[in-house]
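Trainee: The lines below spell out each chain.
There are 2 protein chains.
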Amino acid sequence: MRIAVLGTGTVGEAIGSKLVEVGHDVVMGSRSAGNEKAAAWADRFDERADHATFAEAAAHGELVVNATAGVGSLEALRAAGADNLSAKVLLDVANPLDFSGGFPPRLSVANDDSLGEQIQREFPQARVVKALNTMTAAVMVDPGLVPGEHEVFVAGDDAAAKQEVSALLESIGWPATAIRDLGGISAARAQEAYVLFWVALMQANGTPVFNIHVAR
Amino acid sequence: MRIAVLGTGTVGEAIGSKLVEVGHDVVMGSRSAGNEKAAAWADRFDERADHATFAEAAAHGELVVNATAGVGSLEALRAAGADNLSAKVLLDVANPLDFSGGFPPRLSVANDDSLGEQIQREFPQARVVKALNTMTAAVMVDPGLVPGEHEVFVAGDDAAAKQEVSALLESIGWPATAIRDLGGISAARAQEAYVLFWVALMQANGTPVFNIHVAR
Chain A
1 MRIAVLGTGT VGEAIGSKLV EVGHDVVMGS RSAGNEKAAA WADRFDERAD
51 HATFAEAAAH GELVVNATAG VGSLEALRAA GADNLSAKVL LDVANPLDFS
101 GGFPPRLSVA NDDSLGEQIQ REFPQARVVK ALNTMTAAVM VDPGLVPGEH
151 EVFVAGDDAA AKQEVSALLE SIGWPATAIR DLGGISAARA QEAYVLFWVA
201 LMQANGTPVF NIHVAR
Chain B
217 MRIAVLGTGT VGEAIGSKLV EVGHDVVMGS RSAGNEKAAA WADRFDERAD
267 HATFAEAAAH GELVVNATAG VGSLEALRAA GADNLSAKVL LDVANPLDFS
317 GGFPPRLSVA NDDSLGEQIQ REFPQARVVK ALNTMTAAVM VDPGLVPGEH
367 EVFVAGDDAA AKQEVSALLE SIGWPATAIR DLGGISAARA QEAYVLFWVA
417 LMQANGTPVF NIHVAR
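Those protein sequences? They're chains A and B, same order as listed. According to the working numbering, the residues represented by the first sequence are 1 to 216, in order. According to the working numbering, the residues represented by the second sequence are 217 to 432, in order.
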């Protein structure tokens, strides 16, 4: 599949690399065409990895991953262009973490709204699915790093889009039984709120390499 | 131990009953002295269960449990009286859930503040410990309802108060290994934010009887 990964940070690099490894044709998108991190990333792979602007990457992708910093995601997606997102699955893995007040971060949108919902409202033709934002990048693409049962949560208004994302998650190592559907995109506010708890757990655990299992 | 349980709802009743069962002397506090739910509750037990106003109950308790509805907790604790809370462990299990906009609820305080912190700020002589707010009442007092490993989280600025709460949790059935310290009372914002995620899980699971295990 042709996939755009928007964002050149730790999350974009981890997801982009994994998607190339499992056989996809990935273009990493960034603000400017000559982004050094994106170029260095693409150089590590063969012709199935490339880099481009947000707009060029999104135009290339049949599926688009938003791995930009959450506080800049709407701006990055505007640069990608609504036409380049239309009718496509938009996998939103970003968190609207605002570190301007120091650590721990606050969320720039929270409680009764979320980044996932903001994206879906601003790009109504995109099929937004929120997933993977509840763990560190290394665990997103290698769930076996965490022993035992633990889960990944998906939310979105388009059932077929959630199925496509679930298939993608399975292709990168998530057991089907570990993929939990939380409902419509409004559940993104729950997934994003959880990240404040995740930060506290990360501090208490002294490592970001963990995840939760819902026991019932 | 003499314990005050402020609040006559499902949570107050569950915690109050369990504390009587394990041998404590419990007074359930409510706004008015003649509260019918509190009286009916006390009638189910022997002389180690009684009911009274918030102030009388708090005066009785060596330890005070805030099991009031979170949006009314500050008002209830003002009625209990700062002098009756001074130097005591104040176990805050409440969530500031605001259902005025329908379901799912929002939080009346969130993101970079929390009910736990509001209580600690307004009652600086109380030794506030946030715990148990991350699960349904039945699981709080009977962790064995949920199979397998799962955890309860404590936060507070007073280490000795957290130890007292941990001992209380162990006395009602929580294994010591399941009690996780998240740090100071500012971690209450993480514990309370989690509740938005808990509500989404509850909807997806179709039951409130679950809890999370941190796999690492």
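If you are wondering where the hints come from, they were derived from the structure by calculation, not from laboratory data. Given the structure is predicted, the values throughout are model-derived calculations rather than measurements. A hint or two may mislead.
Each pair of labels, with its calculated beta carbon distance range [said to hold, decoys possible]:
| id | chain 1 | residue 1 | chain 2 | residue 2 | range |
| --- | --- | --- | --- | --- | --- |
| 1 | B | D373 | A | V209 | 49 to 57 Å |
| 2 | B | S387 | A | F103 | 48 to 56 Å |
| 3 | A | D181 | B | G250 | 57 to 65 Å |
| 4 | B | R337 | A | E75 | 46 to 54 Å |
| 5 | A | N205 | B | T226 | 29 to 37 Å |
| 6 | B | F315 | A | P147 | 35 to 43 Å |
| 7 | A | P175 | B | E252 | 36 to 44 Å |
| 8 | B | F319 | A | S171 | 45 to 53 Å |
| 9 | B | Q341 | A | E21 | 21 to 29 Å |
| 10 | B | G318 | A | E47 | 35 to 43 Å |
To spell it out: a stretch of chain A is covered by chain B in this simulated footprint if at least three of its residues, at any positions, have a beta carbon under 8 Å from a beta carbon of chain B; those stretches are [claimed, not checked]:
| id | region |
| --- | --- |
| 11 | 13-25 |
| 12 | 30-40 |
| 13 | 66-73 |
| 14 | 161-172 |
| 15 | 183-190 |
Facing chain A, a subset of chain B residues (Cβ under 8 Å, in silico) [as the list claims (entries may be wrong)]:
| id | residue |
| --- | --- |
| 16 | A354 |
| 17 | G364 |
| 18 | Q379 |
| 19 | A409 |
| 20 | V415 |
| 21 | A416 |
For each residue, glycine too, the CB sits at the ideal point set by N, CA and C.
Trainee: Each hint: holds or not?
Mentor: Checked hints:
Take D373 (chain B) and V209 (chain A): their Cβ atoms lie about 28 Å apart, and the range 49 to 57 Å is violated. Checked against the hint of 48 to 56 Å, the C-beta distance between S387 (chain B) and F103 (chain A) comes to roughly 35 Å, which is inconsistent with it. For the pair D181 (chain A) and G250 (chain B), the supplied restraint of 57 to 65 Å is violated, since their beta-carbon distance comes to about 48 Å. Roughly 36 Å separates the CB atoms of R337 (chain B) and E75 (chain A), a value that falls outside the hinted 46 to 54 Å.
The given range of 29 to 37 Å is respected by N205 (chain A) and T226 (chain B), whose C-beta atoms sit roughly 31 Å from each other. The supplied range of 35 to 43 Å is met by F315 (chain B) and P147 (chain A), whose beta-carbon atoms lie about 39 Å from each other. Between P175 (chain A) and E252 (chain B), the C-beta spacing of about 51 Å breaks the proposed range 36 to 44 Å. One distance hint, 45 to 53 Å for the beta-carbon pair F319 (chain B) and S171 (chain A), is violated here, with the actual separation near 35 Å.
Taken as a hint, the range 21 to 29 Å is violated for the pair Q341 (chain B) and E21 (chain A), whose Cβ atoms sit roughly 58 Å apart. Checked against the hint of 35 to 43 Å, the pair G318 (chain B) and E47 (chain A) fails, with Cβ atoms roughly 52 Å apart. Using a Cβ-Cβ cut-off of 8 Å, 0 residues of the region 13-25 of chain A lie near chain B, which falls short of the minimum of three, so the contact claim is violated. Figure legend: the region 30-40 of chain A, annotated as covered by chain B; annotation inconsistent (0 residues with Cβ-Cβ distances under 8 Å, at least 3 required).
Requiring three or more residues with a Cβ within less than 8 Å of a Cβ of chain B, the coverage given for the region 66-73 of chain A is violated, as only 0 such residues are present. Interface restraint, the region 161-172 of chain A with chain B: violated (0 residues with C-beta to C-beta distance below 8 Å; minimum three). For the region 183-190 of chain A, the assignment as covered by chain B holds, since 5 residues bring a beta-carbon within under 8 Å of that chain's beta-carbons and 3 suffice. A cut of 8 Å between beta carbons decides the hint on A354 (chain B): the least distance to chain A is about 13 Å, and the hint is violated.
A least Cβ separation of about 5 Å between G364 (chain B) and chain A falls short of the 8 Å threshold, and the interface hint therefore holds. About 16 Å separates the beta-carbon of Q379 (chain B) from the nearest beta-carbon of chain A, more than 8 Å, and the hint is not met. A distance limit of 8 Å between C-beta atoms decides the matter here; for A409 (chain B) the minimum to chain A is near 4 Å, and the interface restraint holds. At a threshold of 8 Å, the smallest CB-CB gap from V415 (chain B) to chain A is about 7 Å, leaving the interface hint in force.
For A416 (chain B), the interface hint holds, since its Cβ comes within 8 Å of a Cβ in chain A; the closest pair sits about 4 Å apart.
Going down the numbered hints, you'll see the structure goes against 1, 2, 3, 4, 7, 8, 9, 10, 11, 12, 13, 14, 16 and 18, while the others check out.
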